[in-house]
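Line order of the protein sequences matches chains A and B. Numbering follows this note's numbering, with no gaps: position 157 of the first sequence is 292. Numbering follows this note's numbering, with no gaps: position 27 of the second sequence is 161.
Rather than coming from a laboratory, the hints here were simulated on the basis of the structure. Using N, Cα and C, we set each Cβ at its ideal position, and we do this for glycine too. The reader is advised that the hints may include incorrect statements.
Computed, partial: chain B to chain A, Cβ under 10 Å [said to hold, decoys possible]:
1) F140
2) L144
3) V147
4) L148
5) M150
6) S152
7) V153
8) Y178
9) V180
10) V185
11) I189
12) I191
13) V192
14) L198
15) S203
16) E206
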Amino acid sequence: MARHWWKALAILLLLYVIIAGFTVKIPIIGTNGQSSRGLFFHVPMWICMYTMFTISLVYSLLFLGKYDLKKDVMASSAASVGAFFGVLGFATGSLWATYTWGGTLTDDPKQMCTAIAILIYLAYLVLRMSIQDMDKRARISAVFNIFAYALLIPLTYIIPRMVDSLHPGSATTPGFASKDTDGTMKLVLYPAFIGWTLLGVWIFTLVVRYRKLQLKKIIQ
Amino acid sequence: MINKAFSFCLTVVLLMISVLANAQQQNTESGPVNEFFRSNDKIYVVVGVLVIIFIGIVAFLIRLDRKISRLEKGDK
């Protein structure tokens with residue numbers, strides 16, 4: 136039981152985030168109103184996605200070093216959990232954009248670039264399904280995964296900060312800076328990052344354990 | 135064993151819900167808890183909804199975790 140402490144931590148942190156996320160005082164900026172509270176739930180999805188895709192990249196690199204299929208299981212599981220959180224982040228962002236930007240799918244650079252980045256990772260998952268041979272599938276998808284990560288960072292992190300975007304935190308738009316938000320928001324946001332990431336890691340370990348059992352069955 | 139315990143708990147919870155629904159058709163009671171949930175345009179009801187959904191998802195994950203652990207033990 137002692138090794139499950141981080142799962143308990145994730146549950147406690149997220150219960151705190153859900154309750155405090157609605158009760159903490161937030162500054163009202165522009166037309167956002169109370170919708171700024173979405174910050175506590177929308178941004179952690181992306182942090183969790185980045186964590187998962189980084190785990191996936193590391194295991195893809197390790198796979199290419201040793202050609203161990205277990206590393207491929209780790210990489211593909213992390214990528215699918217990451218894509219899941221990415222889709223959640225995109226969906227929550229689109230809902231928010233509907234009532235603040237005035238459109239669900241806009242031509243905003245951040246939204247467009249993020250959509251492309253998620254599609255690249257969905258392509259990774261489709262690519263895996265299209266190859267029958269396990270060793271070939273592992274090698275090709277590991278190389279694809281490295282390119283996907285190399286595109287993810289500029290598409291979702293660099294380009295949206297260079298151009299004008301409606302998204303908070305872009306070149307000309309107020310975002311999560313000390314002059315824009317209250318310190319009270321950070322008291323909820325940082326626990327939210329840790330809590331959602333731990334929950335993502337938990338789901339990731341479950342997927343890995345299930346797929347390793349599957350792999351064992353195939354090999355035997 | 136665990137499945138029997140689970141179905142027993144489920145039965146008890148469902149019975150409790152039906153009994154409560156019968157006994158209390160409209161909640162007009164006051165008191166600190168009820169007043170708290172009605173304050174601020176009843177936003178705390180939504181907080182309660184989210185807490186229930188989250189606890190449900192966590193319970194599901196814990197069950198799944200245990201099931202996979204049992205599978206792993208049986209494999210060795």
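Results of checking the hints against the structure:
Interface restraint check: F140 of chain B against chain A, minimum CB-CB distance 19 Å, threshold 10 Å, status violated. Annotation: L144 of chain B was flagged as interfacial toward chain A, and the flag is violated, the nearest CB pair being 21 Å apart, outside 10 Å. With 10 Å as the threshold, the beta carbon of V147 of chain B stays out of range of chain A, its nearest partner Cβ sitting at about 20 Å, so the hint is violated. Below 10 Å, beta-carbon pairs count as interface contacts, and L148 of chain B has none with chain A, the closest being about 25 Å; its hint is therefore violated.
Residue-level restraint check for M150 of chain B is violated (minimum Cβ-Cβ distance to chain A is 23 Å; threshold 10 Å). Hint status for S152 of chain B relative to chain A: violated, with the closest Cβ pair at about 28 Å, above 10 Å. Annotation: V153 of chain B was flagged as interfacial toward chain A, and the flag is violated, the nearest CB pair being 28 Å apart, outside 10 Å. Annotation: interface hint on Y178 of chain B holds; nearest CB of chain A at approximately 7 Å, less than 10 Å.
The closest approach between the C-beta of V180 of chain B and any C-beta of chain A is roughly 7 Å, which is under the 10 Å cut-off, so the hint is satisfied. Evaluation of the V185 of chain B hint against chain A yields a held restraint, the C-beta minimum of about 6 Å falling below 10 Å. Of the supplied interface hints, the one on I189 of chain B holds, with its beta-carbon coming within about 8 Å of a beta-carbon of chain A, less than 10 Å. The interface hint given for I191 of chain B holds, since its Cβ lies 9 Å from the closest Cβ of chain A, which is under the 10 Å cut-off.
The beta carbon of V192 of chain B is positioned within 10 Å of a beta carbon in chain A (closest approach about 5 Å), and the interface hint is therefore held. The criterion of a C-beta within 10 Å of any C-beta in chain A is met by L198 of chain B, whose closest approach is roughly 6 Å, and the hint holds. Hint on S203 of chain B holds. Least Cβ distance to chain A is approximately 8 Å, under the 10 Å limit. Proximity of E206 of chain B to chain A holds as hinted, the smallest CB-CB distance being about 7 Å (cut-off 10 Å).
Violation of the numbered hints given earlier is confined to hints 1, 2, 3, 4, 5, 6, 7; the remaining hints are satisfied by the structure.
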